[in-house]
Every structure is written in C-alpha cells, then in structure tokens.
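J.: Sequence:
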Amino acid sequence: MKPVTDIEARVTIVMTARERHSLAEHAIESVVAETRRPYRFIYVDIDSPPWLREILAARAPSWGLEIARIDEPLWPQQARVRMTETIRTEYTVFIDNDVEVERGWLESLVACADATGAGIVGPLYLAGDGVQPARIHMAGGRLQESGSPDARVLDEAHVLVNEDPARVAEQLSRKPCDFVEYHCMLMRTELLRANVVDPDIRCVHEHIDSSFSARRLGYATYLEPSARITYLAHRDYLLDELHFFRNRWTQAEADASIAAFCRKWNVIDDARSFAGVRRFLVDHVSQVDPIRSALRHHPEHESEMAACELRQTRSELLDLARERGYTRNELATIANAYHLAHILVDGGYRPCGRPFINHLAGTAGVLVRYGFRCEIVAAGLLHSAYTHCPPHAAGVREAAKAVCAALGGRGSPLERRVRRYTLRETAGASAVAAADWSTLSIPEAETLAVVAANELDMHLSGEIRYTGRTDVLDASAMEPIAHVCDVLGVSGLYQTLRREQAQVASVPREFMATMRVSYRIGQDRRSAVPMASNVNGALP
5 MKPVTDIEAR VTIVMTARER HSLAEHAIES VVAETRRPYR FIYVDIDSPP WLREILAARA
65 PSWGLEIARI DEPLWPQQAR VRMTETIRTE YTVFIDNDVE VERGWLESLV ACADATGAGI
125 VGPLYLAGDG VQPARIHMAG GRLQESGSPD ARVLDEAHVL VNEDPARVAE QLSRKPCDFV
185 EYHCMLMRTE LLRANVVDPD IRCVHEHIDS SFSARRLGYA TYLEPSARIT YLAHRDYLLD
245 ELHFFRNRWT QAEADASIAA FCRKWNVIDD ARSFAGVRRF LVDHVSQVDP IRSALRHHPE
305 HESEMAACEL RQTRSELLDL ARERGYTRNE LATIANAYHL AHILVDGGYR PCGRPFINHL
365 AGTAGVLVRY GFRCEIVAAG LLHSAYTHCP PHAAGVREAA KAVCAALGGR GSPLERRVRR
425 YTLRETAGAS AVAAADWSTL SIPEAETLAV VAANELDMHL SGEIRYTGRT DVLDASAMEP
485 IAHVCDVLGV SGLYQTLRRE QAQVASVPRE FMATMRVSYR IGQDRRSAVP MASNVNGALP
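Under my numbering, read the sequence shown as residues 5 to 544, first letter to last.
Treat the hints as calculated values from the structure; they're not laboratory data.
If you're wondering where the values come from, they're calculated on a predicted model, not measured in any experiment.
For glycine and all other residues, C-beta sits at the position ideal for the given N, C-alpha and C.
Please note: incorrect hints may appear among the correct ones.
To be verified - The calculated label-pair distances, taken between Cβ atoms and stated as ranges, are:
id	residue 1	residue 2	range
1	Ala224	Arg57	35 to 43 Å
2	Ala398	Leu147	24 to 32 Å
3	Glu58	Glu304	36 to 44 Å
4	Asn166	Arg86	28 to 36 Å
5	Pro203	Ala409	32 to 40 Å
6	Pro65	Arg156	48 to 56 Å
7	Asp168	Gly466	51 to 59 Å
Given these sequences and hints, build the entire structure.
T.: Encoded structure:
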C-alpha cells in the first residue's frame, strides 16, 4: 500500500511510543483496519528494539506507513515537536502505540473539529486489556481553578472514570471540556506551528498544557464520544521493556515537568494541584515494576545473600521488611498473607522436618531481602497454596475452590500470581527452561523470582543438603532466572542461588531425613501423609 501524501489527506496520524513497544504492531494494525483512507500515517521510531524495527521495515509498505526514525532518546512530546515541520495536512492526530481504535474514530474527530471549530478534540477514552469489557478511562477532563491569576490552584479530574460506558451512555455527548489526553488527540496543525506542544513539559501535564495554550489562542478543546479508543493499560508488560518504562516515569522528570508547567501558567506547586498526578506516578509504576521504587538500585541487591540472613519466622520476616522501609500498609499485606499461609499449611512439615510455614516465610524473606513489592512477597508466602492445599472431603477440586476463595477469588491479583506459579510448578522445572525468556512478561518474571526465592530458601535452610532432593533447577532453567535478575537489578539473587547450587555438601547417610516430600502427621500420630495435591485440571 502506497503511503498517502499531505495533498491527498486532511489528517496526518503520528504514533509515538508511550511507555513500551510490545503493543506497537497491534496498535498500527488497529489503525489500518479500522480507519477509512485517505490519511497520512507516520510511526516515530525512537529507540525501538531491533525486533520491532524489523517488523516496521517489513510491514510498512502493506500498512501504508511512513517510518520516521530518530536516533536520539527523545520524549514523546519532544518527538511531536520534531515532527511538526514535516506535516502539511489540516489536522494532526497524535496517538500512542498502546491503543486500539474503533471504526469511525477518525471521521468522528474530524467532524467534531469541522462543526465546532475546536482546536483540539479527544475521543471517549476506554481502558482495558482488549479482551474483557473496557471501562471509561476519561470522558473529557475537568479543571476547577481557584486562587489568583498569579497563584492559581487547579483541581483536575477525569470525567466518568471507571464507569461502564453502556451504563452512562446518556451522559456521553459532544461537548467542550478542559483537556483531553495524548493517548489520542486531534489538533489543528496550525496550532502545532503556534507551539502549543511544549517540549519542556514532557513527562506529566503535557496534555493540559496543550489545551491551555490552544485556549489562549482562542481555540476550545472538545470531547467527541462517538470516537472511541481503548488504552490497553491492563495488557501485560514485557520484562525487557522495564528499563524504558522506568525511565519514562521518573520522579525527577515529573517534578521538572510540573515546575515548567507552574512557571508557565502561574500555578502553585502543592498538593491541591498536583497530589493526583504525583499519586498516579507512584501507583502506575508500582503496579508494573516488581521492585519497590524506594529500593530500586539498592547496593545490597547486587550482593550475595549469606545463610544467616534467611528469615523463617513471622517476626523475623516483618522485622526485615521494617528494616527495608516497607510501609505500614505493605507490612499489613505481608502479615495478612502470612496468617492465611499459616492456616492453609497448618500441621505441615517440609521433608527436612521443619514446619512448612518456615519455608514459606524463608521464601518471602528472600524476596524482601531483594526489595520485591509486598504483593510479590505475599505470593511468595502463598506459592504452595494450591499444590499443598488442605485436604477436602469432596476431593481435590473442592479443595482448590476453597483455596481460590481464600486467595480473593478467581482473577484477584494474589490468586493470579499463585495460579501462575502453580501452573509452572505442576508442569515441572523444564517448563521454566522451555520458556522463550527473551520475551518474558513481567508477571512471568515475577513467577521466576518466586521460583528462585523458593529454591534459595531450600539451599540456605539446609533442606536440600539434608534430604538429598534432586528436583532442583538445572542449568537451562537458571538461564531465564539470570536474565530476570539482571533486568530487575537484583543480580545478587541469581548469584547466591548459583553459589549454593555449586557447593551442596554431602551429609552422612545416618543424618539424612527419611522423607522426600512435604507431609502432615497422620491421624494415628505415627504415619506421614504427603501434602502435595495433584491439582492439574482441578484449578477452578
């Protein structure tokens, strides 16, 4: 397909990378499939990974896509400014590379601009994973201004956020609003030349700045809800995108953008205006990055762990988390997970004879030692919830249902993490090795971190040494763990595990534990009953 020229089209679509690259091909295909031509379509390639550059080069002709490659680490806002001189169409649409569009979206945006004279038009923004029904991300933005012209306060809100679009359909109509977002934004190209895209406000609030600048020039911003796009916020991120993601949402860059915005628009930099955006920054990063932001780049994460650092009790685990600066809420998450784990493995023992809960605390302690988020620590405490669930009179299927409910129900964040670990565990260590670890998702990386912490506990506690267990990770299974630890910045975890694997000492036979599996004491108080349950196919 031949690229469309400015003469043939009224609109140029400029797609930039928002915070990852893995959805770019999907986003481009969505635009091509759901948009009536003619339009000019440009993908701005800034630091794209080699695999994406190969796809762009191979498929650009069939997509009718122009590739604008810029070999500088520009922010999306800087890239938009850089593209200004190359655009001659009446309108420009800026769109992120992690969205899906619905048929008619572009025609509706243009029709709104034509009918109203708006300078900027945004669609109805939905958010989802592209599979489950999406909810509203924003139906236009609302700002309430107070203070004085020289000391303004802005109260920002997303209209109808988290609502079901069908339930509020009667409230959705074309109307002026205070701002829209760069997930997808149509702008009169003349405004680009009037510098309404400010490269100094590049991390946060750049969309509000653009609407303010357009308003100063006499142009309104409109919501056009008949145009609909879905921000694929809930799709899994790839592990190898984490570096890009971390750099995109740094606190320092956000503060610099806020400072530039305040200078430009006489806004007071305090919680009244910016608590929400600063909270977004923390929450958004914490929902993706497995490592606590406060502990990222901690020097001990690159160091090996000594056996004396292993924590195997509740008090030791919580003390360690407190020492590492986990907040009160994070400590509560860990404590609650410990309580649930204690109930689920009550009366259970490891093959070496120690209480099963000590192993779970040890696994969680390794994760705390290396700065993992409390949600992943909780998953470490409960990683055996399905595989070693309490017996149920109605069988393993009902036992698994009870565990599922205890974990928060099917699909809860904790249940998803435990389920993912269980599916890997029941498939065997070879499943870890068989994965294409160069394309690991972050949830898969979290699972591998728990796998590594689980095995490291068994080494440091002496369980492997005194039981002669052979079901340990082999060299090929260690490769993805090495990759995960390197990307996350916790190479000490991998190095410690490798050290322990290399120096397992032999123990005289008479001192070896007689059990090879985890167990509970039978009702006769003499026999040992294996704990492990065959949950393959039984997960609810």
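J.: Indicate, hint by hint, whether the structure satisfies it.
T.: Hint check:
no.	hint	verdict
1	Ala224 <-> Arg57: 35 to 43 Å	holds, 39 Å
2	Ala398 <-> Leu147: 24 to 32 Å	violated, 57 Å
3	Glu58 <-> Glu304: 36 to 44 Å	holds, 39 Å
4	Asn166 <-> Arg86: 28 to 36 Å	holds, 35 Å
5	Pro203 <-> Ala409: 32 to 40 Å	violated, 52 Å
6	Pro65 <-> Arg156: 48 to 56 Å	holds, 49 Å
7	Asp168 <-> Gly466: 51 to 59 Å	holds, 54 Å
Consistency with the previously given hints fails for numbers 2, 5, ordered from lowest to highest.
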